[in-house]
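Start from the sequences, fold in the hints, and give me the full structure.
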Amino acid sequence: MMGRTIVIDPGRCIGCQACVSACRECDSHRGRSMIHLDYLDQGNSVASSPTVCMHCEDPLAPCAQVCPAEAILVTPDGVVHDADKSRCIGCGNCVNACPMGVPKIDLAAKLQFKCNLCYDRTSYGLAPMCATVCPTGSIFYGTLDELRSERPGVEVASTFDIDGTILSTGVAVVVPGDRPRDLPLPGGAGEHPRVTGSPQPAGHLEPNADNVLGEPL
Amino acid sequence: MLLKRHEQHFSFHSIGRMRPVVAGIVTALVLCAAIYLGSRGLHNFDSALAPYAIASVFLAFGIAYRYTVWISSPGARRLFKKGWGAALSWQNMRRAPTALPRMIATYLGFQKFLGARSRSRWAAHQLIFWGCVLAALITFPLSWGWFTFTSPTGSGPQYSMNLWGFSLAKFDALSVVGWIAFHGLDLAAVLVIAGATYFLVRRMRDREAGTGQRFGYDLVPLLALIIISVTGLLLTFSSVFLHGGGYQFLAVLHMAAVVLTLLYLPFGKFFHIAQRPAAVGMQLFKYTEHGSVQPCRVCGEPIDTTAYVENLRGTMQDLKLGFDQVVLTCPRCKRLARGQAYRTEVKRGF
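Heads up: the sequence lines are chains F and Z, in that order.
Using the working numbering, read the first sequence as starting at 829 and increasing by one per residue.
Using the working numbering, read the second sequence as starting at 2 and increasing by one per residue.
Keep in mind the hints are simulated off the structure, nothing from the lab.
Some hints here could point you the wrong way.
Mimicking DSBU-like on lysine-lysine, the simulated pairs with C-alpha atoms at most 35 Å apart in a straight line are [said to hold, decoys possible]:
#1 Lys171(Z) with Lys913(F)
#2 Lys270(Z) with Lys321(Z)
#3 Lys348(Z) with Lys321(Z)
#4 Lys113(Z) with Lys913(F)
#5 Lys82(Z) with Lys913(F)
#6 Lys348(Z) with Lys913(F)
Following this line, the structure appears as structure tokens:
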């Protein structure tokens, strides 16, 4: 886990979308929100969960490792950056290899986008846009000591179990105080309530905004 | 026996590490041979341009070295094989004969994808691109002794344009064609200065461009292009308006700028020139494998072509990332599954 980083508490999220709107205002990706806000059980619950880039530390940035164009830079401070515009070829490797479902892609522009921890702000000591506007503290930015001074006794975890592989991240998640400290968080990758299965002929499936298939040229 | 196996392992390892150097040396030697043959045994070689020719040999080494290092990473290696396989496949050429030339024209020539990012950046990049293409087409063959201008009357105005010693065209130096032929590099310089200045101003003013920018990576290439172009134009200015005043100094300055830029080219931002064609290979691979699509194993939305998904899983296995099956789930379902797991297993019923 990085020194000053984002700590997410999904239990505090009220789904207000303030983070989504604020992210759009960030200078490094103006007009485009990099944060995902998902309503987990729409129709049955108001539960929602924000997802920023977790800035994976070990294994280091799978998105950067699978990138065939060496487009994703990891700076020494642990921040996994969005794709270098001169290099990204828009292949979508990072989008599908990311176990957290973070990167987005603009197929026409052949360019990937992802949360870069608002590098234009955090490199100058300012908090990322999402953490600045979150009204409930679901997205906190600071050190663990700063978090504990606001929320005494709070515990965080920064490891995930992704189908049996332990992934440690630079961004942390709040966990209950009685949870064993070294127990990784469930990555969710093994949960498949409705398995739809095998490859399908082209044209049978309608693409959505997340997929990287694109139009044949 | 143990020692032998160790030696064998060492030699394989050494070959792997030496491959970029070997590729660089072979490419540089091939260029040297091409220069020798193309200049008719150095008969047409202009010794005044020797520093440029030598720099281009080092450039050939650098590009081949850097390219080999690049495609030795698992993701790039797989895409290199699949991309070239799709591009050179006889079956693909018969099935979609226009796909490859169309992609080369739209991606690499007119760079349609840049227009989707920003129209002004597209326009500025097109100026730099066509300026550099024009300059490269003129200077490389000239400095290699491939391209020569000869006049049967000694000092013109009738000139013959020759390639590898064979006459390509004849023109009058005082005509419009002649003016363009002898001022091609000035025209290229004007295009490059306009485009590079736009990008330089953008890098100084625009906070999106300024985020995380590095002097050596982002600003040096623009400054190099501008210095080369300005010193090149000053050479023409010197010969036309100053009767050659300061020409020697400007020629050395221009040559130093060009040589240093050529040596820097494989190791900085300019390497995207060598990398960008991978976009064509990638798209062609996806396009020709478009018959079968992999759906998300949770929601059924398409993820990518089956062949591309298999290619990515293979890359992740090569990298020993033990969770390659996550590729079969779409990004949204990954986030929902993780959120639901947190809700049921970590902080129950938040």
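Evaluated hints:
1. Lys171(Z) with Lys913(F): 44 Å, violated
2. Lys270(Z) with Lys321(Z): Holds. Lys270(Z) to Lys321(Z) sits at ~29 Å (cutoff 35 Å).
3. Lys348(Z) with Lys321(Z): The hint holds at about 32 Å.
4. Lys113(Z) with Lys913(F): Holds - the C-alpha atoms of Lys913(F) and Lys113(Z) are around 14 Å apart, at most 35 Å.
5. Lys82(Z) with Lys913(F): Holds, because 24 Å separates the two Cα atoms, which is no more than 35 Å.
6. Lys348(Z) with Lys913(F): Cα-Cα ~39 Å, so violated.
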